[in-house]
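Following the hints, put chain B in place on chain A, whose structure we already have.
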Amino acid sequence: MSLEWIVKIISENWPMFLRGAGMTLYIALIGTVLGAVIGLMAGVIRTIPMPERGLKKAILKVTNVILSIYIEFFRGTPMIVQAMVIYYGSALAFNIDMNVLLAAVIVVSINTGAYMAEIVRGGIVSIDKGQFEAAQAIGMNHFQTMVNVVLPQVIRNILPATGNQFVINIKDTSVLNVISVSELYFLTKSVAGNNFRYFESFFVACMLYFVMTFIVTRILLYFERRLEGPDNYTMLSDVKQADVPAK
Amino acid sequence: MEQVIDIQHLNKSFGTHEVLKDINFSVNKGEVVSIIGSSGSGKSTLLRCINLLEKPSGGQIIYNGENILDDLHDIPAYRRKLGMVFQQFNLFNNHNVLNNCVVGQIKVLNRSKDEAEKIAMKYLKIVGMDKYINAKPKQLSGGQKQRVAIARALSMEPDVMLFDEPTSALDPEMVGEVLKVMKELAESGLTMLIVTHEMEFAKEVSDRVVFMDKGVIAEEGSPEQIFNNPKQDRTREFLKRTLKQS
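First to last, the protein sequences are chains A and B.
In terms of our numbering, the first sequence has 90 at position 102, counting the first letter as 1, and numbering is strictly consecutive.
In terms of our numbering, the second sequence has 81 at position 79, counting the first letter as 1, and numbering is strictly consecutive.
Chain A extracted, bound-state conformation:
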């Protein structure tokens, strides 16, 4: 009976499943955060207005070309292949035996970064031109405009897409089993290899993946609403005189 097997598998292997789920969540989380940072930086660089001439123009052009190649390349190849190339390639090229966990985090981060770069650029482009002009008009440079005015609005707008990326990463870390990262899929495979109950073992993994993505989606939804801010404001005359500039 399947149900009995499922109970048995869970009771015998739960530490392994939890470890796998924890590792999956860990890689997905770090990968998404680092990927978002890469994406933000790439987005800011790619929206720098092109100077008309000089060294700055040349540097910016070269940087943009490199970023384009990076984005196109990592969006255009499967993560499972990237994992193999980076893990075995680094061993071959630099003669370093990379820690598999480090390799996993790097693969997920730069893969996510390539997608996030486009998401961020879309977010920046969608901000009203007036916001940039107003910031420039009070004397902010591109970087100050981005940090103080544009990116806070972009981040709020791209939060749903970033959450989506996080959910994708939780699922897609399963491909990292090819480089023997001890994430959920890899450990489930070894559980199933011991008991030969493939359906039951992977059914447990399936449930764990779903629980993780579901909880993460709820948490992100909560943050999204928090970022919207309160609907009401207090007039200064309504509050006590002592509470001057509240945030």
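To be clear, the hints were calculated from the coordinates, so they are not data collected in a lab.
This structure is a prediction, so every number in the text was calculated from the model and none was measured.
Among these hints, one or two may not hold up.
Calculated lysine-lysine pairs in the DSSO-like style (CA-CA distance at most 30 Å, straight line) [unchecked claim]:
no., chain 1, residue 1, chain 2, residue 2
1, A, Lys117, B, Lys242
2, B, Lys109, B, Lys124
3, A, Lys44, B, Lys57
4, A, Lys49, B, Lys185
5, A, Lys44, B, Lys246
6, B, Lys83, A, Lys44
7, A, Lys117, B, Lys23
8, B, Lys205, B, Lys124
9, A, Lys117, B, Lys127
10, B, Lys216, B, Lys246
11, A, Lys49, B, Lys182
12, B, Lys109, A, Lys49
13, B, Lys83, B, Lys242
14, A, Lys45, B, Lys109
15, B, Lys57, B, Lys83
16, A, Lys(-4), A, Lys117
17, B, Lys127, B, Lys140
18, B, Lys185, B, Lys140
19, A, Lys177, B, Lys133
20, B, Lys205, B, Lys246
21, B, Lys182, A, Lys117
22, A, Lys117, B, Lys246
23, B, Lys133, B, Lys83
24, B, Lys57, A, Lys117
25, B, Lys127, B, Lys216
26, A, Lys117, B, Lys233
27, A, Lys117, B, Lys185
Just chain B, lined up with the frame of chain A:
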């Protein structure tokens, strides 16, 4: 009189379309200059060229004796000296009213938070928005937004204030509150350059009125001269058309 901004032979083209043709004019310290003219005459473009939101195609903009169009000029530093008020307000959506007036002071002028807030409160009081410091832009009416935008520009304590049709996007009943603030500023001796469609207002507050038509300055002079005795036919035509409407 001391010239703050002196514009010489300014040209601006969008592609092959010449929007500004050989503009020469200057703004003196403490002067209130209104730019009037029909839509598409280039008056907003001229204002936007002055703070380099549009890059002029040719000519010179002399600010305090320096040509700011030469290659090495620090543009953000120059823009700090000019306050800009936009037709569409353009308040920073991610900041509340107080922070809209504070963020530039802290980040650009390196003022301390306390000092910046004190200065912001001073100008928010002048525009009558000091009670709304906790509100976000989306919670304000158009007139309120524009008054905050004026306070934001004033908080940077600029040498010149540029107004780009500040009341054109407002509902009629809100135009008055913004014009009242601007009138008070004009009387306080601030140097102001105003692109406007409000003829009565221009006549009342300006020291000098510039009439633009088809990318050139067709006529300039005192408000009395422009509104009561225009020399040019096209000025007369324009005034007849607009005054009939209002």
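Given hint lysine 185 (chain B) paired with lysine 49 (chain A) - CA-CA distance at most 30 Å: violated (48 Å)
Regarding the pair lysine 216 (chain B) and lysine 246 (chain B), is the alpha-carbon distance no greater than 30 Å? holds (21 Å)
Taking only the CA atoms, is the gap from lysine 205 (chain B) to lysine 246 (chain B) under or equal to 30 Å? holds (16 Å)
Is lysine 57 (chain B) close enough to lysine 83 (chain B), meaning Cα to Cα at most 30 Å? Satisfied, since the Cα-Cα distance of roughly 18 Å is no more than 30 Å.
Given hint lysine 242 (chain B) paired with lysine 117 (chain A) - CA-CA distance at most 30 Å: violated (35 Å)
Holds or violated: are the alpha carbons of lysine 205 (chain B) and lysine 124 (chain B) at most 30 Å from each other? holds (29 Å)
Do the alpha carbons of lysine 117 (chain A) and lysine 233 (chain B) lie within 30 Å of each other, as the hint requires? violated (39 Å)
Are the Cα positions of lysine 117 (chain A) and lysine 127 (chain B) separated by 30 Å at most? holds (29 Å)
Taking 30 Å as the top limit, are the C-alpha atoms of lysine 45 (chain A) and lysine 109 (chain B) close enough? Between lysine 45 (chain A) and lysine 109 (chain B) the Cα gap is close to 26 Å, so the pair holds against 30 Å.
Between lysine 44 (chain A) and lysine 57 (chain B), does the CA-CA distance stay at or below 30 Å? At roughly 18 Å apart (the allowed maximum being 30 Å), lysine 57 (chain B) and lysine 44 (chain A) satisfy the hint.
Given hint lysine 242 (chain B) paired with lysine 83 (chain B) - CA-CA distance at most 30 Å: violated (37 Å)
Would the hint linking lysine 49 (chain A) and lysine 182 (chain B) be met if the CA-CA limit is 30 Å? violated (49 Å)
Going down the numbered hints, you'll see the structure goes against 1, 4, 5, 11, 13, 16, 19, 22, 25, 26, while the others check out.
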